[in-house]
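Assemble the complex: chain A is given as a structure, and chain B must be docked to it using the hints.
From first to last, the protein sequence lines stand for chains A and B.
Note that my numbering gives residue 123 to position 98 of the first sequence, counting from 1, and the numbers run on in steps of one.
Note that my numbering gives residue 329 to position 291 of the second sequence, counting from 1, and the numbers run on in steps of one.
Keep in mind that a hint or two might mislead.
Claimed, not checked - Pulled from the structure, derived: some chain A residues nowhere near chain B, Cβ distances all over 10 Å:
{"hint": "1", "residue": "34"}
{"hint": "2", "residue": "89"}
{"hint": "3", "residue": "112"}
{"hint": "4", "residue": "151"}
{"hint": "5", "residue": "207"}
{"hint": "6", "residue": "263"}
{"hint": "7", "residue": "292"}
{"hint": "8", "residue": "363"}
Said to hold, decoys possible - Straight-line alpha carbon distances no greater than 30 Å define the calculated DSS-like cross-link-like pairs of lysine-lysine that follow:
{"hint": "9", "chain 1": "A", "residue 1": "206", "chain 2": "A", "residue 2": "357"}
{"hint": "10", "chain 1": "B", "residue 1": "144", "chain 2": "B", "residue 2": "56"}
{"hint": "11", "chain 1": "A", "residue 1": "366", "chain 2": "A", "residue 2": "247"}
{"hint": "12", "chain 1": "B", "residue 1": "335", "chain 2": "A", "residue 2": "50"}
{"hint": "13", "chain 1": "A", "residue 1": "53", "chain 2": "B", "residue 2": "460"}
{"hint": "14", "chain 1": "B", "residue 1": "652", "chain 2": "A", "residue 2": "150"}
{"hint": "15", "chain 1": "A", "residue 1": "113", "chain 2": "B", "residue 2": "557"}
{"hint": "16", "chain 1": "B", "residue 1": "461", "chain 2": "A", "residue 2": "50"}
{"hint": "17", "chain 1": "A", "residue 1": "150", "chain 2": "A", "residue 2": "247"}
{"hint": "18", "chain 1": "A", "residue 1": "306", "chain 2": "A", "residue 2": "280"}
{"hint": "19", "chain 1": "A", "residue 1": "113", "chain 2": "B", "residue 2": "460"}
{"hint": "20", "chain 1": "B", "residue 1": "460", "chain 2": "A", "residue 2": "50"}
Unchecked claim - Chain A residues, not near chain B, derived (Cβ > 12 Å throughout):
{"hint": "21", "residue": "77"}
{"hint": "22", "residue": "128"}
{"hint": "23", "residue": "139"}
{"hint": "24", "residue": "140"}
{"hint": "25", "residue": "146"}
{"hint": "26", "residue": "155"}
{"hint": "27", "residue": "195"}
{"hint": "28", "residue": "206"}
{"hint": "29", "residue": "232"}
{"hint": "30", "residue": "259"}
{"hint": "31", "residue": "275"}
{"hint": "32", "residue": "288"}
{"hint": "33", "residue": "332"}
{"hint": "34", "residue": "336"}
{"hint": "35", "residue": "344"}
{"hint": "36", "residue": "353"}
By construction, these hints were calculated from the structure, which means they are not laboratory data.
Where is the CB? At the ideal position from N, CA and C, for every residue including glycine.
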Amino acid sequence: MADTRVKQPKGVKLDHISKIYKDPKTGKDFYAVHDVDLTIEPGTFVTLLGPSGCGKTTTLRMIAGFESPDEGEIYLGGEPINALTPNKRDTAMVFQSYALFPHYNVFDNVAYGLRLRKVPKDEIKRRVTDILALVELSGMEQRMTNQLSGGQQQRVALARALVVEPGVLLFDEPLSNLDAKLRVQMRTEIRRIQQKLGITAIYVTHDQSEAMSISDNIILMKGGVIAQMGSPMEIYYHPNSEFVADFIGECNFLKGPVSSVGAGEATVKIAGVDVPVATDKRVSLGEEGEIVLRPEAITIADRGMLPCRVELSCFMGSYQNYHVRVGDTLVKITDNCPINKEIFDVGDNAYISFDKNCAHLL
Amino acid sequence: MQRTVRRKGGLDPSMIYKVFGAVLFIYLFLGFMVLPCLNTLTSIFTTRDAAGNLDPMAVIRFFFAGNMPSFVINSLKLAVCLVITVNVVGISIVLLTEYFDIKGAKILRLGYMTTLIYSGVALVTGYQFLYDSNGMLTQWLVRLFPAMNRQWFSGFNAVLFTMTFACTSNHALFLRNAIRGIDYNTVEAARNMGAKPFKVLFKVVMPTLLPTLFSLTVMTFITGLCAMSAPTLLGYNSINPEIVRMAGSSVADEAFPQARAALLSMILALFTIVLLTALNHYERKGHYLSVSKTKAKLVKQKIQNPVWNVVAHAYAYILFLIYMTPVVMIVLFSFQNWPAIRAKSLNVSDWTLINFFGTQDYSYTTSRGKQRIREGVISGVFSNADTVGGIRLSFVLSALAAALTCVIVVIAVNYIFKHRGKKRGGLVEACLLFPWLLPTILICYSYRIFFNSDVWYVLGKNLYYRENVRFLIVMAYTVVKLPFALRMVKAAFYAIDDELEDAARNLGASQLVTFLRVKLPIVLPSVLAVFALNFNALFTEYDMSATFHSSYGKSYAMVIQSMTAEEGRDGYNMNGSGRRCASTVFIMLVSGLILYLVYGVGARDLGERLERRKKRREFFARLTGRKQKTA
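The shape of chain A in the complex, shown without the other chains (with noise of 0.2 Å):
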């Protein structure tokens, strides 16, 4: 089995880094990452996640050194690598296309940068050899890219930025262009190879199921800024806007005035009924209040909470998908597992109810 180590991960620090790019059609110059300051810990799974234009690939080839910031400065390992040329940098990238060299064979493809930097050959056959066992790919090296599925091309272009054993790992999109099936194997296979090495990995993406399961840390951007920065689990249950919260699965907004402050906790009045909600963040009496709901977090039933009538009941196999009125918001649900519950039908009256620790007050 393969012995294939990365010499030393290593840490990024973005120091508010900012890159300014020319509109083709008004001439005028805009923001495509705007003041990015972040540090990312050696060994860690970082995602920088968002959508189309949000600065995230932007990042990642500043990084990578493919662009160069106009303001701020990057440290790889403490070092500042802003006038190192992409091939002086201690990084390997896996491309979204794959960037596959189609006139070589899977070995020739996985022992290119190693052969740049002049490793003897004995060696560079020991490590390619290795490394394929790694992806699994053994026994393919002769093989053109072209006779390869998608998901073996993307195990070739893994191994290929592997063997060169860099301090980071960039990942730009990669599986954007498999199945869904083949998705999620193969991001499991990235997040398995990653713990194994102890690699710093840097991973872009726009998909967050994606980016939740393979995390460490996920960096939410838009508009070439930070939304947010955390832990999956905080991102999910604790996000700081409207926009991560619905960029981040489907999640429901009641809005009500905020009726009574206590330690830890808050109510606010929706549809004429106070709900309690737990909550460290300061606020007032009266200020206007926006609950986060997810839709695996709301129950329904014949009493409960807040009072609703069903828009629409579909079953989806595994869960029981609702739209409920409340008040004049309409509330997404998702009851798992409905095969011994009560199915509510389009016009039915209901309640709502939900744990007010599954609810986060904006």
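Just chain B, lined up with the frame of chain A:
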């Protein structure tokens, strides 16, 4: 916030390369494109009268007073007629083989496509061989129609007839692709709504072909306007042959010939620029692209009316005969001996390879009745010193020019892609496309005149003098082929995934290593294809060779032309017709091989090539009885 300093400044080695490259590019562009053409332009307005006074309008006055407009009118007449005849024949051959259900369409297509390998001076001399006053077909026709004019194949008629069939290659390639791209569902939809078959053809199919037809029409018009080999060999007074004639003339023979030639070439350039601008403007509007996600393949339409069906079949096979007869006859006669060729009669007992290899003595009786023998004067293509010399020279010059074109274009396109969207990238591209706007004759004429004196920036040498003319020919070949090569290589560079370059850089490759080991191997098949196509076009190229005509630069095309001279007088040009036929066969083989390598082998994707290689190995393993090594 303070902006960071990007990269270190200073004069590093890469900067030296860049400066050297920029200086070389500017030198080549100004020295071999701008200055010679500018000299031609200025020469029109710098003529002097007999007293030595400057008379800028002398040539213009001469133009309107003399017979010069007739050359322009003749060229325009040829271009206009050619547009009509080429489109009629070109559209016919495509519809007959791709749209209508005509029996034997595959064979017909092969016949119609023979002009891809049988063109230029070889085609013109081949047509001459069959259709001139002593031509075999003319003789047959005269036997059938005794009142027929034996000289029918000369002047305008001959040029139009020859060029009509020679210029349908583009239709056979591009219009065919366009018609194959039609979504058959649109045809079915029209039929479904009640349209009759010919209504569908004219209202649904033809309109989608219009953009392609427009491009082909403009290209045909320019071809007609700039025609050279057919008018020269078949005797038609159009612009190009006149320019070449005047370029070799002197003031002792006629009034300021060079300035008049310059004026004619500028008129030609003006027409070309206007037409290409119109074409460019039209192309920018874009072609009709099917938006269908599930495009259906075109199904051939059966002509329901039996009379029309018979007419269409007859028309298809008459065209086939016109295309194929010269090819078949030339091939057959290339294996006939000299007396048989002279008598234009095929005889199985006269089969020989003498037109290709070896020599024969020629015995004849003098006017005094004496029997004389000239030893070895009947010679084949590969045993005739003149012909072999022409082949060798054309081979070397074409290969050099094709290689030089590829080198320049690959480096330039790499630069253009690196500076995409920037002014300098666009500027380099515009410089390389510059020769596209100018007729070939203008460039060659400008070279011939401008470099026919000591020029300081080419080490003070006269490049039209003795062997130097070969360098001049290589430069002219290269310059003329740059735009085509640029378009092809640029398309190949577009196919390179941007991330490949990033990947190589990210893995530690420098820019040079990335170019040499990643980008170049990927575009290499396309570059080799461009090399092969350019070589193929230049190997038998006539127009430029005729302009640079000199005993030190006698290319293969000029040798072939010289084979059309009277045979046998004083032993000169013995077996010229035989060598001409054999040369045509040789050219067809070379062109056929190159086109097969480019479009046959080169068009296969990597998987297909590997599959074929595997099959080949298996076949040889079976043949030799050896065990196949498994991968």
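Tested hints:
1. No beta-carbon of chain B is positioned within 10 Å of the beta-carbon of residue 34 of chain A; the least distance is around 18 Å.
2. Against chain B, the non-interface label of residue 89 of chain A is violated: not every CB pair exceeds 10 Å, the least being about 6 Å.
3. At roughly 5 Å from the closest C-beta of chain B, the C-beta of residue 112 of chain A falls inside 10 Å, breaking its exclusion from the interface.
4. Distance check on residue 151 of chain A: its Cβ is at least 18 Å (rounded) from any Cβ of chain B, clearing the 10 Å threshold; non-interface status holds.
5. Residue-level check passed: residue 207 of chain A sits 20 Å from the nearest beta carbon of chain B, beyond 10 Å.
6. For residue 263 of chain A, the requirement that its beta carbon stay farther than 10 Å from each beta carbon of chain B is met, with the minimum near 30 Å.
7. For residue 292 of chain A, the shortest C-beta to C-beta distance to chain B comes to about 44 Å, beyond the 10 Å cut-off, and the non-interface label holds.
8. The beta carbon of residue 363 of chain A is kept farther than 10 Å from every beta carbon of chain B, the shortest such distance being approximately 37 Å.
9. For the suggested pair residue 206 of chain A and residue 357 of chain A, the alpha carbons sit about 26 Å apart, so the restraint of at most 30 Å is met.
10. Proposed proximity of residue 144 of chain B and residue 56 of chain B is contradicted: the alpha carbons are some 53 Å apart, above 30 Å.
11. Our distance criterion of 30 Å between C-alpha atoms is broken by residue 366 of chain A and residue 247 of chain A, whose separation comes to about 40 Å.
12. Proposed proximity of residue 335 of chain B and residue 50 of chain A is contradicted: the alpha carbons are some 40 Å apart, above 30 Å.
13. Using a Cα cut-off of 30 Å, the hinted pair residue 53 of chain A and residue 460 of chain B holds, with the two alpha carbons roughly 16 Å apart.
14. Note on residue 652 of chain B and residue 150 of chain A: the hinted pairing holds, with a Cα-Cα distance of about 26 Å set against a maximum of 30 Å.
15. For the hint linking residue 113 of chain A to residue 557 of chain B, the alpha-carbon distance of about 20 Å falls within 30 Å, and the restraint holds.
16. Proximity of residue 461 of chain B to residue 50 of chain A is assessed by CA-CA distance (about 16 Å); at most 30 Å being required, the pair is judged to hold.
17. For the hint pairing residue 150 of chain A with residue 247 of chain A, the CA-to-CA distance comes to about 44 Å; that exceeds 30 Å, so the pair is violated.
18. Among the hinted pairs, residue 306 of chain A with residue 280 of chain A is consistent with the structure: their alpha-carbon atoms are about 16 Å apart, no more than 30 Å.
19. At most 30 Å may separate the alpha-carbon atoms for a hinted pair to count; residue 113 of chain A and residue 460 of chain B meet this at roughly 26 Å.
20. The hinted pair formed by residue 460 of chain B and residue 50 of chain A meets the criterion: a straight-line CA distance of about 15 Å does not exceed 30 Å.
21. Every Cβ of chain B is farther than 12 Å from the Cβ of residue 77 of chain A; the closest lies at roughly 17 Å, confirming the non-interface assignment.
22. Not every CB of chain B lies more than 12 Å from the CB of residue 128 of chain A, the least distance being 4 Å, so the non-interface label is violated.
23. The claim that residue 139 of chain A is not at the interface with chain B is violated, since a C-beta of that chain comes within 12 Å of its own (minimum 9 Å).
24. Non-interface status of residue 140 of chain A relative to chain B is broken: a Cβ of that chain comes within 12 Å, the nearest being about 9 Å off.
25. Once the 12 Å rule is applied to beta carbons, residue 146 of chain A is consistent with being away from chain B; the minimum gap is 17 Å.
26. Under the 12 Å C-beta cut-off, the non-interface status given to residue 155 of chain A relative to chain B holds; the minimum distance is some 18 Å.
27. Distance check on residue 195 of chain A: its Cβ comes as close as 8 Å (rounded) to a Cβ of chain B, failing to clear the 12 Å threshold; non-interface status is violated.
28. With a cut of 12 Å on Cβ distances, residue 206 of chain A stays outside the contact zone with chain B, its closest approach being about 24 Å.
29. The Cβ of residue 232 of chain A sits about 19 Å from the closest Cβ of chain B, beyond the 12 Å cut-off, so the non-interface label holds.
30. Distance check for residue 259 of chain A against chain B: the nearest CB is about 29 Å away, which clears 12 Å, and the non-interface claim stands.
31. With a least CB separation of 31 Å from chain B, residue 275 of chain A remains clear of the 12 Å interface cut-off, as annotated.
32. Every Cβ of chain B is farther than 12 Å from the Cβ of residue 288 of chain A; the closest lies at roughly 41 Å, confirming the non-interface assignment.
33. For residue 332 of chain A, the non-interface assignment is confirmed: its Cβ lies about 48 Å from the closest Cβ of chain B, beyond the 12 Å cut-off.
34. With a least beta-carbon separation of about 35 Å from chain B, residue 336 of chain A lies farther than 12 Å from that chain, consistent with its non-interface assignment.
35. Once the 12 Å rule is applied to beta carbons, residue 344 of chain A is consistent with being away from chain B; the minimum gap is 33 Å.
36. Annotated as non-interface, residue 353 of chain A keeps its C-beta farther than 12 Å from every C-beta of chain B; the closest such distance is 41 Å.
Of the numbered hints given earlier, the model fails hints 2, 3, 10, 11, 12, 17, 22, 23, 24 and 27; all others are met.
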